[in-house]
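Protein sequences, first through last, are from chains A and B.
Here the first sequence is numbered in this note's numbering, starting from 1 and rising by one per residue.
Here the second sequence is numbered in this note's numbering, starting from 115 and rising by one per residue.
Derived by calculation from the structure, the hints in this document are not laboratory data.
The reader is advised that the hints may include incorrect statements.
If the Cβ cut is set under 7 angstroms, some of the chain A residues that face chain B in the computed set are [as the list claims (entries may be wrong)]:
#1 A39
#2 P42
#3 M46
#4 E67
#5 G101
#6 F105
#7 G106
The following label-pair restraints were derived from C-beta to C-beta distances [stated by the list, open to error]:
#8 B:N155 - A:L114: 17 to 25 angstroms
#9 A:S72 - B:S198: 29 to 37 angstroms
#10 B:E129 - A:S65: 42 to 50 angstroms
#11 B:S128 - A:K18: 44 to 52 angstroms
A virtual CB, placed ideally from N, CA and C, is assigned to each residue, including glycine.
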Amino acid sequence: DTEVTQTPKHLVMGMTNKKSLKCEQHMGHRAMYWYKQKAKKPPELMFVYSYEKLSINESVPSRFSPECPNSSLLNLHLHALQPEDSALYLCASSPPGTVTGELFFGEGSRLTVL
Amino acid sequence: AQSVTQLDSHVSVSEGTPVLLRCNYSSSYSPSLFWYVQHPNKGLQLLLKYTSAATLVKGINGFEAEFKKSETSFHLTKPSAHMSDAAEYFCVVSERAAGNKLTFGGGTRVLVKP
């Protein structure tokens, strides 16, 4: 069982909707990540938070807005999305002081934009 | 710049036979290398990692990989495939010079026949 919990597992939204994806971990990890994964492709990095501060934004469109309210929670706010934004959105975390690249992933939120 | 090439997009094996997934990398400096597995509709799970210690790395579920610097390879093997090994496998490289950003290979889908 994964120790990174993502909700909801499935989300269908229209292009004018506002919704949020949530991610939670209680492992004491201080780095948290959002990845986007299209079908049959590897994950693509979107955002990295380190100690609750945004450290990496991979030139993601502003219709995706990340938020890290505390060290255990990571949100991804969605607004005015396009059908091509339909994908599996993966949250991950990594503990401090360990080898970079050793990530713990959640099971993902599958987003469909109509 | 770092890059990863997984030489086979699909591998089909019979249950009980060996599995070989091939990965070649390009890196300017000493990289860290990882194999992740993704079962259908699941997140990614770390199988094993290489971080400049022993070149033969043992991971979970009977998998192992050998780092060969002269060949810039990090192939993943398992002596005897199990039905539960059917999944997508990603080879991943990370290096400090790239800001510790992960670069994913394109993935190898493994099919296990009974």
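Earlier hints that do not hold, by number = 1, 3, 4
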